[in-house]
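2 protein chains.
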Amino acid sequence: MKAEILATGDEIRSGTLVDSNSAHISEKLEENGVEVVRHTCVGDDLSMLTSTLREIGQRVNVCVVTGGLGPTTDDRSAEAAAKAAGLELVENEEALANVESFFKKFKRPMTESNRKQAFLPVGAKILFNPVGTAPGFAVSIKGCRFFFLPGVPYEMKRMLADHVIPDLLAIQGDAALHSRVKTITTFGLPESLAGEKSAGVEAAFPGVQLGLRANFPQIQVKLYGRDSDARRLEERLDEAGRWIVEKLGKHVVSQNGETMQAVIGQMLLTQSATLALAESCTGGLMANWLTHVAGSSGYFLFSGVTYSNRAKIDVLGVDPNTLEEHGAVHEETARQMAEGARKVAGATYGLSTSGIAGPDGGSEDKPVGTVCIGFAAPDRSYGRRLFFPFGKRLMNKKIFAMAALDILRKELMGIGEP
Amino acid sequence: MKAEILATGDEIRSGTLVDSNSAHISEKLEENGVEVVRHTCVGDDLSMLTSTLREIGQRVNVCVVTGGLGPTTDDRSAEAAAKAAGLELVENEEALANVESFFKKFKRPMTESNRKQAFLPVGAKILFNPVGTAPGFAVSIKGCRFFFLPGVPYEMKRMLADHVIPDLLAIQGDAALHSRVKTITTFGLPESLAGEKSAGVEAAFPGVQLGLRANFPQIQVKLYGRDSDARRLEERLDEAGRWIVEKLGKHVVSQNGETMQAVIGQMLLTQSATLALAESCTGGLMANWLTHVAGSSGYFLFSGVTYSNRAKIDVLGVDPNTLEEHGAVHEETARQMAEGARKVAGATYGLSTSGIAGPDGGSEDKPVGTVCIGFAAPDRSYGRRLFFPFGKRLMNKKIFAMAALDILRKELMGIGEP
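Protein sequences, first through last, are from chains V and B. Residue numbering for the first sequence follows full-length UniProt numbering, starting at 1 and increasing by one per position. Residue numbering for the second sequence follows full-length UniProt numbering, starting at 1 and increasing by one per position.
Bound-form chain V, shown alone (with noise of 0.2 Å):
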């Protein structure tokens, strides 16, 4: 079964509004056996909206439109549905329901313009919508099954789950073909490197296909596929994540698609360690990312965001004779900073960065995209440089702070290269 998407509206049209509801409908349709071919995106306008719904019409069996559902003018989806299925717009009792069991729920008072949202193509079958006023619907046009839903998120993916997805497994029955996607999460290789080492995998694995998606600093590899028997499916893509593993290495943060301090939040629980962190250059970028994750007080203690020398010295107690003779960004200044953060906060293990973010500060001897790492341990610590050549602020920051997290994690697996 082939579906398409259509968001419309002209914010998403005149990009003042990045349009994420197609990303969420192609997931889920795509989890439920239904391959999901195009998206598209027209503005309010009706003729257009009108030929582009025929279009999708004639080239496949499903369709899911986004938007144009609400009380105003250029809230055009069901004329557009009516005209183009050959259909008359009549007021449809069902969904005056709707729209009046909202207003009656949260005790607002309904206005004429709500009234039009009750305007239907006439036989349509209305899909509740219990979190908006906005009734949605499903048509016919020119065989192709059409659901029309609100544009605002929350009310869109309830509609989706209530009633377009239980609809489209009816309809395929037996024959749904079930769809995974496995995500190993990978750093420090190169896109292209990466590419060449999992490039084998189609040929291993029949019928599963890769991609890789680079998710700044990091590189997914991706493994779809497709199976009638969703069991048989989950094992050939375990498989086949096991061969990529071998493949890439120490380089594989996740098997699963977990983040970097995901994953060594899992480590520092299991090894009962705690961590403190030193930030220089980073500016708080790997304490931000550590207490992402839910729970991570249990390990996580303290990160001291040193950017002046002073801050350095009297907080982390750097030696004021290491940076006078060496600089900030220096292997000793590092590890010095991580051994103090360790001390202070009376942590298992201490990390630091100290290096050039850039635009300015950087020289012939230290570029801007220079970085030492600091780790230390109980029984030891050291420092090492690192550059990168990305020349970007924002870019900078988060491959000094990745690289760290890296070296980390490394450590707690036993993997460090000191």
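Source of the hints: derived by calculation from the structure; they are not laboratory data. There's no promise every hint is true.
No distinction is drawn between identical chains; accordingly, a pair holds when it is met within one copy or between any pair of copies.
Taking lysine-lysine and the BS3-like style, the derived pairs with C-alpha atoms no more than 25 Å apart in a straight line are [claimed, not checked]: (1) Lys116 x Lys222; (2) Lys157 x Lys104; (3) Lys142 x Lys247; (4) Lys28 x Lys105; (5) Lys222 x Lys392; (6) Lys157 x Lys28; (7) Lys83 x Lys142; (8) Lys250 x Lys398; (9) Lys410 x Lys222; (10) Lys105 x Lys250; (11) Lys104 x Lys197; (12) Lys28 x Lys392; (13) Lys343 x Lys250; (14) Lys116 x Lys157; (15) Lys107 x Lys398; (16) Lys116 x Lys410; (17) Lys247 x Lys105; (18) Lys105 x Lys398; (19) Lys410 x Lys28; (20) Lys107 x Lys366; (21) Lys197 x Lys366; (22) Lys392 x Lys107; (23) Lys104 x Lys392.
Dock chain B against the given chain V, drawing on the hints supplied.
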């Protein structure tokens, strides 16, 4: 001049990735007098790509395509363009030089698969990519000018600005209708209220269109205009902007769409003042935002991300009795944290957060969404308690951080409310 946007890639088609490129391109094209009538997204399937390019070529004058220029086998934009245009795919010397220059600049080995990126339709115009390996290109299909750009957002944005926009302005010549957007950043008003307060602007300034965009936790008020005279347009939008600023008062963070951290940074620099933070629940997010600004080392000295009580006591000098009596989430604790950060770093101002971001850790007295914010100046300090009803950890971190920075912003403007 009518244009369409085509996003390519299985990740977008299948919903794994939200397409934000098309919104950006639409916005820039519309700003430069080009009407965008439709967006499309298809996957990496060669025949689908080819037929979509042909379709679009028959409908409009201009199309911007993103994605599919990478080194891997699922990158097929150049091949599809050649097929759709009926041209041969040949190795392009200029493109090869672009690819090689990238690898030379960053001293990385170029792989054989990167060579594939230089195969383009014969006669295509190269669009130089200064920030990535994939050169773009322009080619005509069915009389429509197609611009092919990489899918990586910052590469795409750079090349759109460098190559596509200048070409489109040249094609339009004197007939170009300028389009501008004025963005006013606000914080602290819900979208519906910001909308109501701004609603009169279209009547007061005919030709100016109002749009609101939620960029959580900020609301951007956007004013759109179109005119053949660029200067007259700027003046009209500036006037309308001043009208909006008067209506929204202290909730206006910037009249020019600047971020909270940029506005605060400018004020600190102007006042020769410095800042230190103490962050518990925001986990480094405030420091991360502030250090996004180049030159922030001129006023930002330190953030103590003190997740553990021990770090609050040892690093910031919070009184253990206060923690014992009131707990970490309390006005007095927040006040002492701000004061402690200010003192330890020798800063003019201190700002702190301590709250419950969730999902766990809430109580009846202090539910998830509670935050205490501390502020310290040389002559006074205070703590304040706020509550936000969003319930999600990452949203809470964002709104806690933004609310704290907004208190600092108002203090720096002399309109604080202690």
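So, going through the hints one by one against the coordinates:
When the C-alpha separation of Lys116 and Lys222 is checked against a cutoff of 25 Å, the pair qualifies only between copies, where the shortest distance is 22 Å, while the shortest distance within a copy is 43 Å. Only within a single protomer do Lys157 and Lys104 lie at most 25 Å apart by alpha-carbon distance; the minimum there is 23 Å, versus 47 Å between protomers. In this assembly of identical chains, the alpha carbons of Lys142 and Lys247 never lie at most 25 Å apart, being 49 Å within a copy and 44 Å across copies at closest. When the C-alpha separation of Lys28 and Lys105 is checked against a cutoff of 25 Å, the pair qualifies neither within a copy, at 30 Å, nor between copies, at 42 Å.
With identical chains, the CA atoms of Lys222 and Lys392 are never at most 25 Å apart, being 27 Å at best within one copy and 28 Å at best between copies. For the homomeric pair Lys157 and Lys28, the shortest alpha-carbon distance inside one copy (10 Å) is at most 25 Å, but the shortest distance between copies (30 Å) is not. Taking the closest pair of Cα atoms, Lys83 and Lys142 come within 25 Å of each other only inside a single copy of the chain (12 Å); across copies the shortest separation is 30 Å, beyond that limit. In the homo-oligomer, the alpha carbons of Lys250 and Lys398 lie at most 25 Å apart inside one protomer (20 Å), although the nearest pairing across protomers, at 33 Å, exceeds that limit.
In the homo-oligomer, the alpha carbons of Lys410 and Lys222 lie at most 25 Å apart inside one protomer (23 Å), although the nearest pairing across protomers, at 47 Å, exceeds that limit. Taking the shortest alpha-carbon separations for Lys105 and Lys250, neither the intra-copy value of 48 Å nor the inter-copy value of 27 Å comes in at or below 25 Å. Taking the shortest Cα distances, Lys104 and Lys197 sit within 25 Å of each other only across copies (22 Å), while inside one copy they are farther apart (55 Å). Only between protomers do Lys28 and Lys392 lie at most 25 Å apart by alpha-carbon distance; the minimum there is 22 Å, versus 33 Å within a single protomer.
With identical chains, the CA atoms of Lys343 and Lys250 are never at most 25 Å apart, being 29 Å at best within one copy and 44 Å at best between copies. In this assembly of identical chains, the alpha carbons of Lys116 and Lys157 lie at most 25 Å apart only when taken from the same copy (23 Å versus 41 Å across copies). With identical chains, the CA atoms of Lys107 and Lys398 are at most 25 Å apart between copies only, with a shortest distance of 21 Å across copies and 38 Å within one. In this homomeric assembly, Lys116 and Lys410 never come within 25 Å of each other (Cα to Cα): the closest approach is 55 Å inside a single copy and 34 Å across copies.
Taking CA atoms no more than 25 Å apart as the test, Lys247 paired with Lys105 passes in neither setting, with 51 Å inside one copy and 28 Å between copies. When the C-alpha separation of Lys105 and Lys398 is checked against a cutoff of 25 Å, the pair qualifies only between copies, where the shortest distance is 21 Å, while the shortest distance within a copy is 38 Å. With identical chains, the CA atoms of Lys410 and Lys28 are never at most 25 Å apart, being 33 Å at best within one copy and 43 Å at best between copies. Proximity of Lys107 and Lys366 under a CA criterion of 25 Å is satisfied inter-copy only: 16 Å between copies versus 54 Å inside one chain copy.
Taking identical chains as interchangeable, the C-alpha atoms of Lys197 and Lys366 are never at most 25 Å apart, the minima being 33 Å within one chain and 51 Å between chains. Proximity of Lys392 to Lys107 under the C-alpha cut-off of 25 Å is restricted to the inter-copy arrangement: shortest distance 17 Å between copies versus 43 Å within a copy. Proximity of Lys104 and Lys392 under a CA criterion of 25 Å is satisfied inter-copy only: 18 Å between copies versus 45 Å inside one chain copy.
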